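Residue numbers (our numbering), protein chains in the order written: chain A, 1 to 445; chain B, 446 to 850.
Mixed in with the good hints, there may be bad ones.
[Said to hold, decoys possible] Taking lysine-lysine pairs in the BS3-like style, the calculated list, with each CA pair at most 27 angstroms apart, reads: (1) A:K75 x B:K568; (2) A:K70 x B:K465; (3) B:K484 x A:K70; (4) B:K656 x A:K37; (5) B:K727 x B:K848; (6) B:K656 x A:K74; (7) A:K75 x B:K466; (8) A:K369 x B:K466; (9) A:K377 x A:K417; (10) A:K6 x A:K135; (11) A:K375 x B:K656; (12) A:K18 x B:K465; (13) A:K389 x A:K377; (14) A:K74 x B:K848; (15) A:K130 x A:K118.
Please keep in mind that the hints were generated in silico from the structure rather than gathered at the bench. All figures in this text were calculated on a predicted structure; none of them were measured in a lab.
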Amino acid sequence: MNYDEKLQHVSVLGAAGKMGSGILLLTAVEMADLSLKPENKGKAFVLNAIDLSDQALAGVVAYLRAQVVKIAEKKAVLLRQFYADRNDLIENYDIIEQYVNDVLALVRPTTAMEVAYKSTLIFEAVSENKDLKVKIFKQIDQNNPNKPWYFTNTSSVPIHMIEGEAGLDGRVLGFHFYNPPAVQRLVELIVTEKTLPEVNQFALDYAKALGKVVVPSNDFAGFIGNGHFMRDALYGIKLAEELAKDHPFAEAVYMVNKVSQDFLVRPMGIFQLIDYVGIDVVQFIMKVMNPFLDDEDLHSDLLDKMMEMGVKGGQMSSGAQKDGFLKYEKGAVVAVFDTDQNEYSDVVNFASACEAALGALPNSFKPWKAAVRIKDKDSHFGPYFNDMKQMDSLGAQLALGYGKNSDAIGRKLLTDKVARSEQDVNTVMLTGFFHAFGPINNYFA
Amino acid sequence: MTAGYNTISMGTGRKEFNPKKERPGLDHYIKDAGQGVLKQIGGADKIDESVIGNFMSARFNKQAHLGGFAGAIDPKLEFKPSLSVEGACGSGGLSLITGIRSVLAETADTVLSIGVEVQNTVKAIYGADILAGAGWFDKRKHGHAYFFPGQFSDRAGVYYEKYGHEYARNGMRRWFVNAIENARLDPTAQEYHNSTPDLAVLYDKMTPNGKAFVDHLNVLDCSKVSDGASGIVVASEEGLQRMGIDKKDAVEVAGWAQLTRNITNDPPDPVELTTIKAAAAKAMEMAGITMDQVGTVETHDCFSIAGILAVEALGLAAPGKGAEYVAEGNTARNGKMPMNTTGGLIGWGHPTGGTGVHQAVTIWQQLTGKAGDAQITLSDDRPYGLTINMGGDDVTVVAIVYKRA
């Protein structure tokens with residue numbers, strides 16, 4: 001079965017979720033492009049969009065249509081070639097409309113999982129719950145005569161455990177998209193000792209067709225991305241707890257967020273990132289990873305407390321940010337949650353005091369938007385952090401400690417044999433987390 | 446001609462442009478341009494008739510029948526003659542020509558000539574469909590997604606092959622740089638806010654990419670997508686008197702030509718703008734002058750390559766020498782033949798049906814000393830100005846020679 005044939009009957013599980021809908025979109029477009037190749041004319045391509053809720057699936061269809069229109073508009077030059085023999089399609093408008101219809105015609109939204117029994121390829125993006133994943137895979141595999149391949153989007157569960165418990169012998173791999181899949185270029189690819197070479201090869205071909213950057217990660221809970229992020233988050237949380245001894249809690253959170261964003265030149269501060277991913281998700285991933293770690297305890301009482309108080313973060317279906325550690329208005333941080341008071345404390349009341357306490361940024365500072373485009377990272381960040389070392393401020397001190405810890409986390413992923421190279425670690429953080437410089441560097445030595 | 450007025454050319458480049466917000470429509474631009482003219486002549490009762498040049502409002506704005514908007518400019522224009530004319534991007538020029546004919550036929554002494562287009566109602570990829578209407582629809586199917594950029598990309602490709610790629614790009618780069626530098630001097634220009642420090646470096650960074658756009662042009666080689674209008678009065682001497690306008694505030698139409706090529710044929714020579722060549726020659730013959738007496742030119746640079754080819758069509762440079770002529774700075778505002786002194790279609794903007802009138806306004810401003818920061822110095826032995834307005838791929842051309850009145 002070649003690449004095109006493998007993509008003729010596909011199912012996406014959890015297709016209405018944030019990750020699932022993105023995977024559905026990318027796969028639908030790729031399948032439509034294959035179906036339009038002259039040699040595939042007349043062949044049926046089927047993409048099952050499977051989820052629990054009819055209502056959510058209706059939303060996904062609307063999302064797909066809007067996204068496919070945008071994609072089609074961008075590749076109109078190519079689409080005119082696809083439809084060159086269709087004399088009824090003349091203007092870009094005609095061609096784009098036809099393409100959108102062709103993509104959507106492949107997609108079969110349904111709540112009935114049985115449709116996956118005919119698929120040859122199955123993408124899984126259900127909740128981050130190993131037992132649930134295993135149960136679904138088992139059920140499909142027992143009823144599907146095609147020996148399908150399973151691509152799981154898990155960001156934390158070791159693949160070999162899923163493989164073993166579901167009895168999938170070499171037919172499963174981790175294909176971990178970053179959020180949102182349609183935009184983020186990074187995919188972490190995780191194979192087990194048993195993964196069949198043809199499954200791995202197909203995954204590479206598919207990622208290439210989608211224009212993704214693939215970083216292989218070894219099959220260790222959390223892989224590279226969460227392996228770094230979870231520890232980095234825990235460091236930030238502990239730092240805030242430490243600062244909270246001398247400052248009100250909300251101010252401590254504000255300062256650590258600011259240090260991790262501005263001083264370390266990241267797209268968002270660590271607490272905003274936790275909110276973005278979802279406090280519940282971060283808590284859950286730590287819980288999944290923790291049993292596999294011998295020498296550390298990946299757990300935060302603070303996250304538990306936030307969850308108990310019902311503060312979860314995450315995103316609304318519109319993509320807007322829900323309130324978590326921080327409260328947002330039109331994307332801007334306006335308040336910080338105070339666990340002592342159980343309410344949000346307005347940033348405007350303490351921002352300038354916190355900024356004065358942290359001190360100024362080095363003169364060589366460049367904001368993330370500009371710094372992220374710098375090709376020769378060392379030429380900018382070397383002097384920048386050297387400048388910071390000459391400063392005696394609280395902000396500089398916290399940032400240098402933070403950067404040093406981030407570097408150590410990166411290196412530990414290597415010694416723990418999660419990552420295969422320094423470059424892989426840095427690529428994940430640069431591409432998947434949009435850091436302006438890789439965590440493994442010499443800036444903090 | 447007298448009392449020229451331009452609205453702002455609105456679109457990408459202007460700080461106040463936000464494609465996500467609702468924006469003023471056709472009526473706003475027609476009124477703005479019309480009223481801007483009327484203010485200078487003492488009111489609408491001085492106007493005998495109106496002509497509105499527009500290309501594709503029927504598709505961009507779902508609105509045809511623009512002649513009916515004259516009364517919206519001023520109630521005193523109601524129940525007077527008013528009509529709209531169309532010749533693709535040459536519509537503005539046709540509006541002027543219609544006014545000139547009326548005055549020469551002595552059916553009017555004062556004609557309010559307006560050109561307008563509001564294009565930012567659709568995304569560029571659909572705008573390309575609409576603008577493709579300037580070509581023959583039978584050729585649309587096998588044309589480029591970006592149809593007109595495709596047509597001129599093909600011309601550029603042949604030019605590269607014949608005369609050298611680097612050689613041609615040097616001229617086109619300079620054409621672009623001149624356009625932006627000139628636009629920065631005119632507050633109504635779309636690129637007025639452009640603050641790119643090194644335009645040539647920017648130009649070189651953007652290598653043409655046929656997969657995303659067209660093979661031989663980058664987006665900087667292209668004119669702007671614009672919302673805008675321009676207006677001017679075409680008047681007889683009696684008309685001028687009636688409006689109380691001093692001759693020094695007017696320009697004389699010394700010669701004109703309006704020629705059309707068969708739209709169902711391909712251009713006879715891909716590296717020659719044949720219709721422009723013929724129309725310019727005819728207009729100058731009518732004026733009884735040669736290019737040596739022309740002090741400034743506004744030409745239809747819908748693409749930088751069209752600027753280079755126009756230089757050749759006007760005889761300023763021999764075939765194949767246009768790129769060199771431009772690269773050496775001869776068409777810059779301080780060069781031998783200043784061209785498109787307020788930025789042209791690439792810098793000032795290209796509200797398609799409005800461009801022909803905008804060109805006349807620029808020449809009127811330059812010849813009467815009203816060009817503000819964009820003012821160039823014209824010598825007494827070269828008192829003429831020339832406009833070249835083109836519709837489609839060198840199909841409808843309007844050439845007008847102007848002289849200080």
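Going down the list of hints, with the structure as the test:
1. With a CA separation close to 13 angstroms, the supplied pair K75 of chain A and K568 of chain B stays within the 27 angstroms bound.
2. The hinted pair formed by K70 of chain A and K465 of chain B meets the criterion: a straight-line CA distance of about 15 angstroms does not exceed 27 angstroms.
3. Our distance criterion of 27 angstroms between C-alpha atoms is broken by K484 of chain B and K70 of chain A, whose separation comes to about 45 angstroms.
4. Proposed proximity of K656 of chain B and K37 of chain A is supported: the alpha carbons are some 18 angstroms apart, at most 27 angstroms.
5. Between the alpha carbons of K727 of chain B and K848 of chain B the distance comes to roughly 16 angstroms, so the proposed pair stays at or under 27 angstroms and holds.
6. With a C-alpha separation of about 10 angstroms, the suggested pair K656 of chain B and K74 of chain A falls inside the 27 angstroms cut-off, and the hint holds.
7. A C-alpha spacing of about 25 angstroms is found between K75 of chain A and K466 of chain B, which places the hinted pair at or below 27 angstroms, so the restraint holds.
8. Annotation: proposed proximity of K369 of chain A to K466 of chain B holds, straight-line Cα distance about 25 angstroms (limit 27 angstroms).
9. Distance restraint check for K377 of chain A and K417 of chain A: the Cα-Cα separation of roughly 26 angstroms lies within the 27 angstroms cut-off, and the hinted pair is therefore satisfied.
10. Taken as a hint, the K6 of chain A and K135 of chain A pair is honoured in the structure, with Cα atoms around 24 angstroms apart against an allowance of 27 angstroms.
11. For the suggested pair K375 of chain A and K656 of chain B, the alpha carbons sit about 25 angstroms apart, so the restraint of at most 27 angstroms is met.
12. Under the criterion of a C-alpha separation no larger than 27 angstroms, the hint pairing K18 of chain A with K465 of chain B is consistent with the structure, at around 25 angstroms.
13. In summary, the hint linking K389 of chain A to K377 of chain A is supported, as the alpha carbons are separated by about 18 angstroms, within the 27 angstroms threshold.
14. A hinted pair counts as satisfied when its Cα atoms are at most 27 angstroms apart, and K74 of chain A with K848 of chain B does not qualify at roughly 47 angstroms.
15. About 23 angstroms separates the Cα atoms of K130 of chain A and K118 of chain A, which keeps this hinted pair within 27 angstroms; it holds.
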